[in-house]
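Participant: Each chain, letter by letter, is given below.
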Amino acid sequence: MNEKYFQERIDAEKKIEPKDWMPDDYRKHLIRQISQHAHSEIIGMQPEGNWITRAPSLRAKMILLAKVQDEAGHGLYLYSACETLGISREKLVQQLHEGKAKYSSIFNYPTLSWADMGAVGWLVDGAAIVNQVSLQRTSYGPYSRGMVKICKEESFHQRQGYEIMAEMAKGTAEQKAMAQDALNRFWWPSIMMFGPQDSDSPRSGNAMKWKIKRQTNDALRQDFIDKTVGQAEVIGLTIPDPDLKWNEERQSYDFGEMDWEEFWSVVNGNGPCNKQRLAHHKKAYDQGKWVRDAAKAYAKKQELVAN
Amino acid sequence: MSSLFTYTLRIADSSLILGQRMSEWCSNGPTLEEDIAMSNISLDMFGQANGFYQYAAQLDGTKSADELAFRRNEREFFNHQLVEQENGNFGTTMVRNFLHDVFNFLFYTELSKSKDETLSALASKSLKEVKYHLRHSSNWLIRLGGGTEESNTKVQDALEELWMYTGELFEMDNLDTELLNNGIAVDNSALKLEWDIMVNKTLVKAKLTRPEEVYMATGGKKGLHTECLGFILSEMQFLQRAYPDAKW
Numbered sequence: 001m002n003e004k005y006f007q008e009r010i011d012a013e014k015k016i017e018p019k020d021w022m023p024d025d026y027r028k029h030l031i032r033q034i035s036q037h038a039h040s041e042i043i044g045m046q047p048e049g050n051w052i053t054r055a056p057s058l059r060a061k062m063i064l065l066a067k068v069q070d071e072a073g074h075g076l077y078l079y080s081a082c083e084t085l086g087i088s089r090e091k092l093v094q095q096l097h098e099g100k101a102k103y104s105s106i107f108n109y110p111t112l113s114w115a116d117m118g119a120v121g122w123l124v125d126g127a128a129i130v131n132q133v134s135l136q137r138t139s140y141g142p143y144s145r146g147m148v149k150i151c152k153e154e155s156f157h158q159r160q161g162y163e164i165m166a167e168m169a170k171g172t173a174e175q176k177a178m179a180q181d182a183l184n185r186f187w188w189p190s191i192m193m194f195g196p197q198d199s200d201s202p203r204s205g206n207a208m209k210w211k212i213k214r215q216t217n218d219a220l221r222q223d224f225i226d227k228t229v230g231q232a233e234v235i236g237l238t239i240p241d242p243d244l245k246w247n248e249e250r251q252s253y254d255f256g257e258m259d260w261e262e263f264w265s266v267v268n269g270n271g272p273c274n275k276q277r278l279a280h281h282k283k284a285y286d287q288g289k290w291v292r293d294a295a296k297a298y299a300k301k302q303e304l305v306a307n
Numbered sequence: 001m002s003s004l005f006t007y008t009l010r011i012a013d014s015s016l017i018l019g020q021r022m023s024e025w026c027s028n029g030p031t032l033e034e035d036i037a038m039s040n041i042s043l044d045m046f047g048q049a050n051g052f053y054q055y056a057a058q059l060d061g062t063k064s065a066d067e068l069a070f071r072r073n074e075r076e077f078f079n080h081q082l083v084e085q086e087n088g089n090f091g092t093t094m095v096r097n098f099l100h101d102v103f104n105f106l107f108y109t110e111l112s113k114s115k116d117e118t119l120s121a122l123a124s125k126s127l128k129e130v131k132y133h134l135r136h137s138s139n140w141l142i143r144l145g146g147g148t149e150e151s152n153t154k155v156q157d158a159l160e161e162l163w164m165y166t167g168e169l170f171e172m173d174n175l176d177t178e179l180l181n182n183g184i185a186v187d188n189s190a191l192k193l194e195w196d197i198m199v200n201k202t203l204v205k206a207k208l209t210r211p212e213e214v215y216m217a218t219g220g221k222k223g224l225h226t227e228c229l230g231f232i233l234s235e236m237q238f239l240q241r242a243y244p245d246a247k248w
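As given, the protein sequences belong to chains A and B, one line each in that order. Just so you know, we're using the numbering used here here: the first sequence kicks off at 1 and counts up by one. Just so you know, we're using the numbering used here here: the second sequence kicks off at 1 and counts up by one.
So here's chain B without its partners, still in its complex pose (with noise of 0.2 Å):
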C-alpha cells in the first residue's frame, strides 16, 4: 500500500462515513426544508467519498471504489472519529458538523494547493461544497445558541459531549510527514490556530461557552474507531457482503 493511497484513502472515508450519517436523516428532519438540505449535505459527502476512492482505486489498481468502501472491515476505516458519532438530536448533528466543517474548510483550502494534482482538483471541488456546509451549521448553532433555553443547553451538552472527538483532527502521523515533505499532504497540526479562531468566533455569536479542555480521543489514522462505527458498516455493507457474487 502507498503511503498516497492510504492518505487519500483516510480523506474518502471520513466523507462516506458523514454521507451515511447525514442519510440517516432521509425523512425525519425538523422541517421539509431542512430535511432536503441535510439530504443535500449527505450528496455532496457521498460525491466527494466517490472522488476520493476512485482515486484510491486508481492508484491501488486492484480494487474498485465500491470495493473500497463496501468490503473493508471496521479496522481498515481510517476516517476520524468524530464523523462516525451518533446523530443524536437536530442539536448534536449541527455541532458534530460545524466543528468538522470548520476542518474541512480549513483542510481543503491548503489541500487545493496539493502538489498532486488529482488530489488539489478534488479538493477544489470539495471546498465549494464544504463552504455550503460550514455556512448551513454555522447559522444553524447560532440559531439554535441563541434561540430558547431549551435550545441553547441542548447545543451546549452537544458540544461538550463531541469535543473530545476534536484533538484528533490535527494529529500527524510518519504518514502524514513523509507526504507533507512531498509537498502533496496538509500539516494539520497547523490548521489548530485557525480553526480555534474560527470556532471561537461562531461559539460567541451562538452565545455557547467553549468547553474545557478535555481528555481527547484518537485511532482513526490507525483503524480504532468507537463502537459506532461496526454498526454503521454492518447496515451499509450489508448487501455487498450477504451477496458477493452480485452487480447492483
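Next up, chain A with everything else stripped away, as it sits in the complex (with noise of 0.2 Å):
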C-alpha cells in the first residue's frame, strides 16, 4: 500500500519529503548518492586548495579561494540533506575514512600547473553542472533544493574557470601550452565523470523509475560534450579526440573511446592520488579532534553554569 502511494507521488512529480514513507532501499540509494556528492565537494577542495597559495595575481587569488570555500559550502548543504535520511556527519565521514563511501574520481588527479584551475572549472564543474541541472529535477525534496542554491554557484566557477583558460590561451607559447597541456589530462577523465556507459552502469534501473535520476549517463554526458566542444574552439585550444565529429543526422558529436579500464582502475583506489587525498582530509580531520573535544568541553561547561 505504502509503495503504491510512494510511486503515485513520484509519478505525478511530488516531492518525497523526509517525513514521508519510503522504501529502504530508495533511502539507501539516496544516502549512497548525496554523500558520494558530499565527499566530492570536500575532496574535491584539495586539487584546488594545491593552488590558492601560488595564485598569480590578488584578484585570481581571492576568486580561487571564494570557490574552494563555495564548495565547503555545498558539502555543508549536502551532509545536512544526507542528515535528514536518518544518519549522522560524524558517521558519513567515518565511511569515507573506511572507503565505504566513494567521491568523484576526477579528484584522484593532480593539479599540476595554473592552467589546471581553468581546466577544473571550464570542465569539471562545467561536467556537475550538467548534471547537477538535471537533478533539481530529483524526487528527494531537500536534494533537489540543494541542488538549485548549488547550481547558481556553479555555473559562476565554470565562467570563472573557462575565463583562466582564455586568458592562457591567448598568452605568451608557454601559457598557451600550459592551457593545451591542462586540457589534454582533464578532458577524459572529465567525461567519465557521468560514470559508466548505461549498458553497464548498475543501478540505473530503480533510480530512474523513482526519479532520483532523471536522465542517463550517456545522455548527460552527450550533452556535456556538445556544450564543450564550441567553447574549445572558440579559444583556440583542441579537444583530444582524433574521433570527435560532428554528426549531422543525430546533431550530435560522435566521440571516441573511453578508457574504461583507466576508469574502474581510478574509481577501485588506484589513481594517481586517491592515497592522498583521503590521508589529507583523514589528517585534518583527525589534528582537528583536541580542537572539536574542546569546544565540547566548554559547551558543556556553559551548560553546566547556565543550569
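I should point out that these hints are in silico values taken from the structure, not numbers from a laboratory. Glycine is no exception: its CB is placed at the ideal position from the N, C-alpha and C atoms. It cannot be assumed that every hint is accurate.
What the hints assert, rightly or not - Not everything, but these chain B residues come out facing chain A in the computed CB check (under 10 Å):
(1) Leu43
(2) Thr118
(3) Ala121
(4) Ser124
(5) Tyr132
(6) Leu239
(7) Asp245
(8) Trp248
Put the two chains together into one complex; each comes in its own frame, and the hints tell you how they fit.
Facilitator: The following block contains the structure:
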C-alpha cells in the first residue's frame, strides 16, 4: 500500500520529504548518492586548494579561494540533506575514511599547473553542472532544493574557469602550452565523470523509476560534450580526441572510446592521488580532534553554569 | 618613495601576509564550518591588502598593485613579524590572530580618523571586518582556554611562543612620526594601553596567563624578518617570477 502510494507521488512529480514513508532501498540509494556528492565537494577542495597560495594575482587568489570556500559550503548543504535521511555527518565521514563511501574519481588527478585551475573550473564544474541541473528535478525534496542553490554558484565557477583558460590560451607560448596540456589531461577524466555507459551501469534501473536520477549517464555525457566542443574552438584549444566529429544526422558530436580500464582502476583506488586525498582529509580530521573536543567540553561547562 | 606610499605599503603587507597564512588552512580546518570561517577571514585580509596596494600603486604611479605584492623581495616587505609566523596548530593560529586582531581593531579605529581621506575610508571598511575577526579569535581563545586541559596547554604554549612578536606592533619610527604630525598616521605607541586592557580581559576569561615581559623582536618596518617570510614569498610569487612576461 505504502509503496504504491509512494510510486504514485513520484509519478505525479511530487517531492518526497524526510518524514514521508519511503522504501528502504530508496533511502539507501539516496544516502549513497548524496554522501558521495558531499564527499566529492569536500575532497574536491584539495586539488584546487593546492594552488591558492600560488595564485598569480590578488584577483586570482580571491576568486580561487572564494570558489573553494563555496565547495565547502556545498558540502555542508549536502551533508545536511543527507542527515535528513537519518544518518549523522560523523558517520558519513567515517564511511569515507573507511573507504566504504566514494567520491568523484576526477579529484584523484593531480593539479600540476595554474592552467589546471582553468581546466577544473571549465570542465569539471561544467560536467558537474550538467549533472546537477538534471538533479534539480530529483524526487527527494531536500536534495532537489540543495541542487537549485548549488547550481547557481557552480555556473559562476565554470565561467571563472573558462576565463582562466581563455586568458592563458591567448597569452605567451608557455601559457598556451600549459592550457593545452591541462585540457589534454582533464578531458577524458571529465567526460568519464558521468559514470559508466548505460549498458554497464548497475544502478540505473531503480534510480530512474524512483526519479532520483532523471537522465542517463550517456545522455548527460553527450549533452556536456555538445556544449563544450564549441567553447574549446573559440579559445583556440584542441580537444584531445581524434574521433570527435559532428554528426549531422544526430545533431550531436560523435566521440572516441573512453578508457574504462583506467576509469575502474581509479574508482578502485589506483588513481594518481587516491591515497593522498584520503590521507589529507584524515590528517585534517585527526588534527582537529582536540579542537572539537575542547569546544564540546567548553559548551558542556557553560551548560552546567547556566543550570 | 614618499612617506605616505611606504606607510600604506606597510599596512597592505601585514594584511597580505596574514591572508596568505590563513589561506593555508583551506581544507585543513578542524571542522567544515571553521574551514569556511578561516577562508572568510583570509578573503577579508586579501580584500584589505588589495585596497591598500591599489592606493599605494596610485601614489607610486609606476607599479600596479600586483607588482607591489608579487615582485618585491623579502627585504622590501614591511609587514609585522607576528603575521608571518607559521600557523602551527589551530590554537597557535587563533592566538596569533587574536594578538593581531586586537591591534588591528585599535589601529583601524584611529586610522579611520586620518586626514588622508583614502586611508580613512579604507580603515573604516576594514574595521567592520576586523570586528568580526576579533570576535572570532577571542571566542576561540575562550573556548580553547576553558575547554580541556590539553587545549588550555596548547594555547598557553602558543601565547608564550608568540608574545615576543607583539612589541613591534607599537613601535614608531621617523616616518610614522612625520605622518602623525601631519594628522595622517596613527600613534601606535598610544594604542598599547588599550591593547593591554583588551588582551588581559580576554586572557582572564580564557583562563590563560599573560606571559612575562620578554625580549621583543623588531625589524618589520625596516624590512627585517624572521626566516618564515622568504618561504611565504617564494611560494606566493612563484608564477609572477617564473613567467615575468605573462598576464594572468
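Participant: Could you tell me which of the hints above the structure violates, numbers in ascending order?
Facilitator: 2, 3, 4 and 5
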